[in-house]
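Protein sequence lines correspond, in order, to chains A and B.
Residue numbering for the first sequence follows my numbering, beginning at 1 and increasing consecutively.
Residue numbering for the second sequence follows my numbering, beginning at 755 and increasing consecutively.
To be clear, the hints were calculated from the coordinates, so they are not data collected in a lab.
Please note: incorrect hints may appear among the correct ones.
Simulated pairs of lysine-lysine, DSSO-like, Cα-Cα distance not exceeding 30 Å [to be verified]: (1) K251(A) with K904(B); (2) K251(A) with K219(A); (3) K757(B) with K302(A); (4) K782(B) with K410(A).
Computed list of chain A residues with no C-beta within reach of chain B, every gap over 10 Å [stated by the list, open to error]: (5) L206; (6) G264; (7) N590; (8) Q685; (9) M693.
A quick note: this is a predicted structure, and the numbers were derived from the prediction, not measured.
Here a beta-carbon is modelled for each residue, glycine too, at the ideal position from N, C-alpha and C.
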Amino acid sequence: MAKLNKEYPSKKIEKSNTSSLKKWTRRGFIGAGAIAGITAGGALIVGIAIRPGDRTEDLSGYVTNGDEHLITTWVKVATDNTVTAIIPHGEMGQGVHTALSAMLAEEMEADWGAMEIMEAPAEKDYANFALAREFLFGSANVPSVLFDSLNGAMLAAAKSMNMQITGGSTSVRFTGTGAMLTAGAAAKELLLSAAAKQWGVPITQLRAEKSFIYHNNKKAPFSEFAEIAATLKPNLQPKLKKRNEYKLIGKSLPRVDIPAKVDGTAIFGIDAQIEGMKYGTVKAAPVHGQKVSEMDDSIAKKMPGVYGVYNMEDYIAVVADGYWHAKNALDFIDVTWTSSSIKNIDDKVIFDNYRSAIKSGKGKLLHKFGNVEKSINESASIHEAEYSVPLLAHACMEPMNATAWYRDGKCDIWAGTQNPLGTRQVTADTLGIELESVTVHTAFMGGGFGRRANPDYTNQAAQVSKKSGMPVKLIWSREETTQQDFYRPSVLGHLKAGLDIKGLPISWESKFVHNMDPHEASAVIYDIPNIKAQYMESPTHIRVGAWRSVDHTQHGYFTESFIDELASNAGIDSYEFRRLLLKTKPRHLNVLDTAARMAGWGKTLPPGYAQGIAIVESFMSIVAQVVTVDISNGAPRVVNVACAADAGMAINPNGFIAQMESGIIFGLTAALYGEITISNGSVDQSNFYDYKMVRMDDAPSIDVEIISSNNRIGGAGEPGTPPIAPALVNAIYKASGQRIRSLPIGNQRFSIKA
Amino acid sequence: MVKLIVNGQNHEINIDTDTPVLWVLREKLGLIGTKFGCGSSLCGACTIHVEGKPIRSCVTPVSNIEGKSVTTIEGLADAEDALHPIQEAWIEHQVPQCGYCQSGQIMSAVALLERNPNPSDEDIDASMRGNICRCGMYGRIKAAIKSAAKKV
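Using the sequences and the hints given, assemble the complete structure.
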């Protein structure tokens, strides 16, 4: 099995000192030489970049050691024939390091068992070109919220392909299919060409297998040809395998990050150890956007272990000899925050404003087919409903944290982040130093889900280190993590359908407040001739951001519940009703049919039990789920979830299944419990007692079936989330006759429909 | 000065006695496998064993464990480079995703099997409901506990 490289950046944290920091700066490698066959720092560089703008000579300094060769931006071959995949995405449990390395190894014919994997440094040469290309040149699928959520500077940087973001279920579908496969194939072709030259035989008589090149009975390791390969021009469009030729892709390879996660040795951001490091914690204004008005730290600064108390304008910080002392002192600081009319805002005000915005009718058009106004007038009947969802926190298990060391005009950051380059840029901007003076050391993320794309916590660490003059590990309390999130926005939606005489929709209109990404989230998969979707704006002061599956969470719920209402009104079975509207979409039909078959749709169930179905296409994957619910005790208990998913194909089937399971529990937590409320302008919830999670005893059994339709590869990390809420409320409706148009379900109790 | 026995090793640490064990382990002893999740005994990420029983180290003052035998994730296996059967089952079932909660999950699971070698679904629910897995790997955790139960 492949393993994590010893030089894996997260491991660097353990032994961080000035000498190991030096290796990651640019300076040492200026003039390191050109690509092929030229030595740099004593190492032979065998570099190929398959991307426009060859930066191999710059990159070699960052990722090669003395006796290793760099082949393409994405792979290097050591003299001992170890092939190392360099992965430009962060690992937060989605298995990206394993999946992307397998894609590279597949095309390169590298020996998976002897492979090493490292995460790319936060250098713009590793900016996610594949993702950038999709963003700039024509795919609507890249969630631009990931860029918008940073800041103006980062947005500009993102547009100049300065991106290295993990999010939007993009890693496999863009980096994997756009870069890793090609890189592997190009590297293999180069090595084969080099072998053909060295052995004086036609390339057609050679084959590569498990990091060796073969000619009849003769064989030699890849490493023997690295030097010659360096002198050759890489093929930018190498021949790729057909899917039926895959040997690694499509196999459930064990994830390379798992062993370290069961013996306690995995290094997360919070595990950074820097010599001389102090510990800090912060409290930001409870009303987002407010600032410190007055701060009395007379008690706090005299408390044991405290090195300093700092007014950071929009937050206060304590630095001490340990987290416990820092946290205790923080609680003894008397702060007055600036005041404004925002303090009167609560959820009622927010939703009243949303409702007024929708009523105003002044919307921005997202989707339009046919003529909704005309078709509404021609309808036999009209059905309307208002749906809403609340703000949601990400609740990553690892509280927000970062370690920073600012000295001599330079800053090092150690953190788990979905956005290392953005972190680097924002840190440089905030501290007023050059991008080159900031180094970001990434580590595993104890959950991301979109939260760790925002560089606010790393920024605070940098500021506090600069202000205190010390290397500081800054750790947020759970309460701070809950109250200073970038929340899934609260959303209000108004849906209106015009129906024909049989009750089938001929017209579909949706208006909603709060639009983020992706834009197709509010599109409808069903064959309805007249569709119009528009959004209205009603900004609040609450910080919002990307949350696993982004806008699909609310639109999946709105659309799939409302379509269920139409089915019920028409007196047609929910599953059959969807089939009628998906006649021209065989791929969707197949997913829907599979989920129904898995769950035994229509079978006799015990009293109080019922099934609900939903299907959502997101991030180029189609997922249908059937929930079996039991309401016989009043509170809904989710018994089972049957999930059918078509992502074209699954790179790592067991990993894909795990992503579906995870997405389902994530969405179920939101549907059952998830709610951040606002009173007096600030967040009410603080910890897991009032921001509840699905736990072992309320987790359903989950069955997942992967459908390999051979279509373009879709996402895995997010598409499991959107269908679960509507499938659940549709099941509850069937059991109780009660329609849930506002989430979460919370403490509602249901009785069995007579 | 507080005297501690952690993973079989004796330590004498100069620290306020009300400091939670979690921070002593992480910041004084460098045992960073035990994680901070909530600080309020609500999530289970910080679970360790004291005299073989699972406790939440984030709310347990270090004075409470003075002189008692403490086991953390680092000390779970019999020997270095070896794994506890629960850890092996965790790999077999590919349980962790982000992995942050897993030290706590594993410590709770080991404690469960030590007092109940053949737990039912309900036993597992009751013993493991204190440990949150935000990545939602409950099904795999349950399957891994059952498969380890057969081997322990």
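Enumerated hints in conflict with the structure, sorted upward
Hints 6 and 9 contradicted; others consistent.
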